[in-house]
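Could you put the whole structure together from the sequences, leaning on the hints where they help?
Using UniProt numbering, you'd call the opening residue of the sequence shown number 1 and step up by one each time.
Hints are computed from structural coordinates only; laboratory data are not their basis. We treat Cβ as the ideally placed atom computed from N, Cα and C, and that holds for glycine. Hints may contain errors.
Listed next, with one range per pair, are the computed distances between beta-carbon atoms [stated by the list, open to error]:
no., residue 1, residue 2, range
1, A62, G34, 16 to 26 Å
2, M68, V39, 28 to 38 Å
3, L52, L29, 11 to 21 Å
4, R69, I44, 29 to 39 Å
5, T72, S48, 34 to 44 Å
6, W12, L66, 16 to 26 Å
7, G58, Q11, 16 to 26 Å
8, P80, I44, 49 to 59 Å
9, T72, G17, 45 to 55 Å
10, T28, P80, 49 to 59 Å
With a straight-line cut-off of 20 Å between C-alpha atoms, the simulated SDA-like cross-links for lysine to any residue are [said to hold, decoys possible]:
no., residue 1, residue 2
11, K10, V59
12, K10, W21
13, K10, A22
14, K10, A62
15, K10, P80
16, K10, A55
17, K10, L56
18, K10, I44
19, K10, R69
20, K10, A20
21, K10, V54
22, K10, V50
23, K10, I53
24, K10, L57
25, K10, F63
26, K10, L52
27, K10, L66
28, K10, V39
29, K10, F41
30, K10, G58
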Amino acid sequence: MERPSYTTSKQWLWCSGALAWAVILALTLSACLGSDQAVAFGTIAVPSMVGLIVALLGVHRAFGSLDMRAMTRGPKPDPPCFDPPAGGQS
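Given below as structure tokens:
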């Protein structure tokens, strides 16, 4: 059985996670340097970014396992037949 390939969704998962962490780190660095706007924005943005990371991982794990379960439960398709018809008739 061939596993499904999710290269695009996996790339977007990593990209979204990396960007969320970049926002968190940029706000943390700015807040440490004394920016009041970074502190004010961080109270909303950091929990949102953490929620985004957790949600992306949860959705990926939950629906990825459902795809694999559906693949293993379904009936197996018959292999393609390339033999000539019985009796030599076309």
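Q. When you check the alpha-carbon spacing of K10 and I53, does it fall within 20 Å?
A. Given that 20 Å is the threshold and the Cα spacing comes to 13 Å, the pair holds.
Discussion item. A range of 34 to 44 Å was offered for this pair. Does it hold for the Cβ distance of T72 and S48?
Written reply: Given range 34 to 44 Å: holds, Cβ gap about 36 Å.
| query | Between K10 and V39, is the straight-line Cα distance small enough, at 20 Å or below? | reply | violated (32 Å)
Does the hinted range 28 to 38 Å hold for M68 and V39 at CB? violated (44 Å)
Is the Cα-Cα distance between K10 and V50 20 Å or less?
-> Holds. K10 to V50 sits at ~18 Å (cutoff 20 Å).
For this session: Confirm or reject the claim that A62 and G34 have a C-beta distance inside 16 to 26 Å.
Result: violated (41 Å)
Compare the distance between the alpha carbons of K10 and A22 with 20 Å, and conclude whether the hinted pair is satisfied. Holds - the C-alpha atoms of A22 and K10 are around 18 Å apart, at most 20 Å.
- Item | Cβ distance range 16 to 26 Å for W12 and L66, holds or violated | holds (19 Å)
Checklist entry - Taking only the CA atoms, is the gap from K10 to V54 under or equal to 20 Å? => result holds (15 Å)
- Given hint V59 paired with K10 - CA-CA distance at most 20 Å: holds (12 Å)
- Taking only the CA atoms, is the gap from K10 to L56 under or equal to 20 Å? It holds: about 10 Å lies between the C-alpha atoms, which stays within 20 Å.
Is K10 close enough to A62, meaning Cα to Cα at most 20 Å?
Roughly 14 Å separates the two Cα atoms, so the pair holds.
The structure fails to meet hints 1, 2, 9, 15, 18, 28, 29 from the earlier list, while all remaining hints are met.
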